[in-house]
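Student: Residue numbers (our numbering), protein chains in the order written: chain A, 3 to 360; chain B, 1033 to 1570; chain C, 2 to 205.
FYI, nobody ran anything at the bench for these hints, they're computed from the structure.
Treat the hints with care, since some could be wrong.
To be verified - Within a straight-line C-alpha distance of at most 25 Å, the following computed PhoX-like cross-link-like pairs (lysine-lysine) qualify: (1) B:K1201 <-> B:K1240; (2) B:K1497 <-> B:K1392; (3) A:K157 <-> B:K1239; (4) B:K1167 <-> C:K144; (5) C:K138 <-> C:K10; (6) B:K1193 <-> B:K1069; (7) B:K1550 <-> B:K1128; (8) C:K18 <-> C:K138; (9) B:K1289 <-> B:K1128; (10) B:K1463 <-> B:K1392; (11) B:K1128 <-> B:K1103; (12) B:K1521 <-> C:K138; (13) B:K1240 <-> A:K157; (14) B:K1436 <-> B:K1289; (15) B:K1497 <-> C:K138; (16) C:K181 <-> C:K10; (17) B:K1436 <-> B:K1374; (18) C:K178 <-> C:K18; (19) C:K138 <-> B:K1167; (20) B:K1550 <-> A:K157; (21) B:K1240 <-> B:K1109; (22) B:K1521 <-> B:K1491; (23) B:K1497 <-> B:K1385; (24) B:K1463 <-> B:K1447; (25) B:K1109 <-> B:K1128; (26) B:K1550 <-> A:K337; (27) A:K337 <-> B:K1521.
What the hints assert, rightly or not - Here chain A is said to cover these stretches of chain C; the calculated rule only asks that three of the stretch's residues, wherever they fall, bring their Cβ under 8 Å from a Cβ of chain A: (28) 43-49; (29) 87-101; (30) 122-129.
Idealized CB from N, CA, C, for every residue including glycine.
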Amino acid sequence: MFNFSIVTEWIHNLLASFMPGWLTTTVECVLIGVGLLLVYSLLALFYIYYERKICAFIQCRLGPNRVGPMGLLQVFADMFKMLIKELITINNTDKFLFALAPYLVIIASMLSFACLPWGNGLQVINFNIGIFFLIAVSSIGVLGILLAGWSSNNKYTLIGAMRSGAQMVSYELSIGLSIITMVCLAGTMSIPGIVEAQENGWFIFTGHIPAIIAFIIYLIAGTAETNRGPFDLPEAESELTAGYHTEYSGIHFGFFYLAEYLNLFIVSGVAALLFFGGWMPFHVPGWEGFNDIMNYIPSPIWFIGKAIIISAIIIWFKWTFPRLRIDQLLTLEWKYLLPINLVNLVLMVLVVVYNLHF
Amino acid sequence: MNIQEKIAGFFPEASFEEGEILRIDIPAEKLHELAQKLRDEFGYDYLVTIVGMDWTDSLGCIYYLMNTADKSQISFKAATADREHPALDSVADLWKIAVILEREVYDFFGIIFVNNPDMRRLFLNIDWVGYPLRKDYDENPELNPVTTESERQSDETYVWKREDGKLVKHVERVFQDDDFVVNIGPQHPATHGVLRFRTALDGEIIKKIDVYMGYIHRGVEKLCENLQYPQTLHFMDRLDYFSAHNYHHGLCLCIEKAMGIEAPRRAQVIRVIMDELSRIASHCLFIGTYCMDLGATTMLFYTLRVREQILDIMERTCGARMTFNYSCIGGLMADIHPDFVKDVKELLAICPKNVAEYNKLFTGNVITKGRLEGVGVLTHDDAISYGITGPSGRASGWACDVRKTHPYSIYPELKFEQVVRTEGDSMARFKNRMDEIQQSVDIINQLIDNIPEGEYCAKVPKIIKLPEGHWFQIVEGCRGLFGVYIESKGGNQPYRLKLVTPCLNLASVVDHITRGDKIADLITIGGSLDYIVPDIDR
Amino acid sequence: MEMKKVTTKSMPYEDWKDNEYIESLVQELRDSGTNIIVGSLDTLINWGRSNSLWPLTFATSCCGIEFVSLGAARFDMARFGWEVARSSPRQADFMMVAGTIVNRMAPVFRRLYDQLAEPKYVIACGSCAISGGPFRKSYHVAKGIEDLVPVDVFVPGCPPRPEAMIYGIMQLSRKVKVEKFFGGVNRQENRKEYLAAHPVEENK
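Construct the entire structure; sequences and hints are all you get.
Tutor: Okay, here's the thing in structure tokens:
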């Protein structure tokens, strides 16, 4: 399998050859930042297109097909439009918080985005508690949503934000517990470590029953975490017009819009990392020839491909299920998912201790 | 001893006018007493409508009542000669729907109802000058201009009481100072149009809802008074635009009854087929939009497929997708398209399959059950008291299908079930509509092969004139009982044309059944009632 | 120099109606002149804007149902990128006035229009919105929405067929294409005058 650290090493050495050490670091930081931003925005645009097409497919429609080949340029047109839309400032609001909120949301999703294992040796942030860091930064997003709802000085946004707060704080627990379950199996919190641990089989196969339970819970909680249907109460269109971002226009709304799709990618990316081996190709122990063929497919394609397929499931949820009510939503979390999760954690510990996994 | 003699015994001052529906003429001061007698002793527990009237020398109301047990109808009339401060006693304590119906009469005629707990204007602004349905209303647009100035809001409501023989106005508050009032509508995706709910919330719990109507009040009843009878027909398309055929049918039947003619059998059969087709289309759209309200957007697209197919059939025959204007006085505007029978049969073949698909996708879903079952329960007695007809009323165990209770046209010959459930919750209302699609399919199946040959329109005079008199006709629309009251002074224009629409009742019951539920339930309950806003406002 | 033919994909220029109006806009644009960089940027931005018109979910009566049909599988406005119907006026680009506007609704309607973020457009859809339609003689109906807000495109019909609505929005998209985004000579100026002439009346 091609190791991208060769490339990064080469760039590093090249820069270091004619620059002082501090400048090299700065230039590398800028390069990585620009690269991330680019990937971030391109992926977000792709996701918008992707969701529209999937939803059109589910609803027996065609979806965007006029702007550019197969409607591919539709999202770019939307982006141009969004960039030049008027930013409405509203009287009697906290202007600073109102302007800050979308940036908080986008920064949170950007930080968690940076943690993802893009490929063999392609890892922006790598320290031994990587997955812990990911959980921590992804929780900042809820702050942005709460701020947005509060600072808009609008009853709908406030209800939306409060719902969102209740929802995200609750479902964070499930996400955390199902991640811990998998960390148990992997024996490490380092993101590359988790990927390496799946070399001889993805956790969803090796961890069998507890891993599958953890995956299902993670998928449900992840859907809730991204505020997507059937858990899209904070922006429930039929109840709260547009939820917490009702008062936002132009690119500020665009940030919420992009972050929503990117969070979808992040949630599916983490699912891919924990259950489907991150960038690790599909390996079957013993089948050397097959494994070699799989290794020919570059690792970023593996990772992004897995994430996109998992996202398709989450998008499928959204266009199939009706929305829950807030009390049902919290009941689901506190009365069902959380106890199941705790039992599952114990089960996983037993599996690991008695070496029952493959 | 028949009812007329009994009432004459109680009220010697009453006079009677016999007809299809007995009309009792009662002095204004005995109005409440008579209403109470009729409800308590004669079992007239359903107030169909209150028709406000301006006879130029006097103002008054005609009350239409129905006995839900033996289906008999009766009406009584009370008038007052005072045009400055006309006042009648309220019957709001007997029938809950009367609160809204009396507000409507007050809005249009300025008749004050004494002891009505909420005597505000209903459709028009607080500052509206004049009472538009009075014959001496000044239509000068300068008095009531279209402005961009925000409407004056007031939390005050009024109760008029008789104290020492004088009318006294008491001011009360709709909401208290510490209520957290959220304004839902008029521009809100959940209200299905421009209806406005002022909702007092306690957290997510609804404390009270004040329904504001009139954001699409177009004054159809007044417009009709200046139009000839065939011209009034086209408004029926634009009230409840899903029941366009049914409403047309109702008005045509009423005018035909007045003229003493009957449509040819071919026309009657086609009318019934069209009614049932629009019922299928309407219920399909209901299912779709309802699921969309709940967040399951995809259902809308599946149900609209069937609707589009029906619209195609309609378009081929009637020439339009929505405003058909197909039934006319004496029959139909045009004959059916040659492919009509074939197209309808294709539709009938796929309909049951589609309903099964909807059930599979939505009805059995655990989230759907959690959202709908036991939510927004409307009891049988409340349904009658509020006059909730149609599939929503039948979900509360009230068998109120006009096609069965007061059969018209060729419905008596047809075999179909009246779908009744007793749960009274949102789920029952939803399932009722699912089942009614099947019943409509059965009805069309009985008719589609037996469309008789012959004329599609009876011979009617070029200028349609009605003799002096009054007529009342009820039919079953897609959302409930639709009634037409016509009063004629002779001539080719109605003196008064009152439309009894089911959606006004449906909207007025929202406050009653949502109290104590979550705000998210307002959407499921309001959606399950399936009101059409132009039908409320007319 | 030949007049630039403004059209959209797979729609021949000759098939459009009201080409003269668009041509007059193009002429106006050309007469005012602009430099090449701003001009190209304008073209790019207008390409984006004209292809991404998000409607406000706003419907009062029958026409609104045809608007629903427009979104459904048969007519599928998603093909053109119009399916992102926003419920919040802050995020929508144009308002399809589908249905009658009555006296009571007029202030609400005007407020909705004011809440739309610039650049914003209005399509008067159906005869009620255009003139009051069959209800024109009523005591409680606005005789056309042009007295309340500036209108860009009129779509006649009662209700207009979804095809007509598609055509109407395509006309709007064409109109957006010939606008000058920087400086805003043609449309925005007119609107300023219009709004100055039709101020929102203050509450007494």
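Student: Now tell me, hint by hint, if it's right for this structure.
Tutor: Evaluated hints:
1. B:K1201 <-> B:K1240: This hinted pair holds, its Cα atoms lying about 24 Å apart.
2. B:K1497 <-> B:K1392: Not OK: B:K1497 and B:K1392 at ~53 Å, beyond 25 Å, violated.
3. A:K157 <-> B:K1239: holds, 16 Å
4. B:K1167 <-> C:K144: holds, 23 Å
5. C:K138 <-> C:K10: violated, 42 Å
6. B:K1193 <-> B:K1069: holds, 22 Å
7. B:K1550 <-> B:K1128: It holds: about 24 Å lies between the C-alpha atoms, which stays within 25 Å.
8. C:K18 <-> C:K138: Violated: C:K18 and C:K138 sit about 30 Å apart, past 25 Å.
9. B:K1289 <-> B:K1128: At roughly 31 Å apart (the allowed maximum being 25 Å), B:K1128 and B:K1289 break the hint.
10. B:K1463 <-> B:K1392: holds, 13 Å
11. B:K1128 <-> B:K1103: Status holds; Cα separation ~20 Å.
12. B:K1521 <-> C:K138: At roughly 23 Å apart (the allowed maximum being 25 Å), C:K138 and B:K1521 satisfy the hint.
13. B:K1240 <-> A:K157: holds, 17 Å
14. B:K1436 <-> B:K1289: Distance ~19 Å between B:K1436 and B:K1289 Cα, so the pair holds.
15. B:K1497 <-> C:K138: holds, 23 Å
16. C:K181 <-> C:K10: holds, 21 Å
17. B:K1436 <-> B:K1374: violated, 29 Å
18. C:K178 <-> C:K18: Roughly 16 Å separates the two Cα atoms, so the pair holds.
19. C:K138 <-> B:K1167: holds, 16 Å
20. B:K1550 <-> A:K157: holds, 16 Å
21. B:K1240 <-> B:K1109: violated, 34 Å
22. B:K1521 <-> B:K1491: Status holds; Cα separation ~23 Å.
23. B:K1497 <-> B:K1385: violated, 48 Å
24. B:K1463 <-> B:K1447: holds, 21 Å
25. B:K1109 <-> B:K1128: holds, 19 Å
26. B:K1550 <-> A:K337: holds, 20 Å
27. A:K337 <-> B:K1521: The given pair, whose Cα atoms are some 69 Å apart, is violated under the 25 Å limit.
28. 43-49: Since 4 is at least three, the answer is holds.
29. 87-101: holds (count 6)
30. 122-129: Coverage by chain A is violated here, the residue count being 0 at a Cβ distance below 8 Å.
In summary, the structure is inconsistent with hints 2, 5, 8, 9, 17, 21, 23, 27, 30 from the numbered list given earlier, while agreeing with the others.
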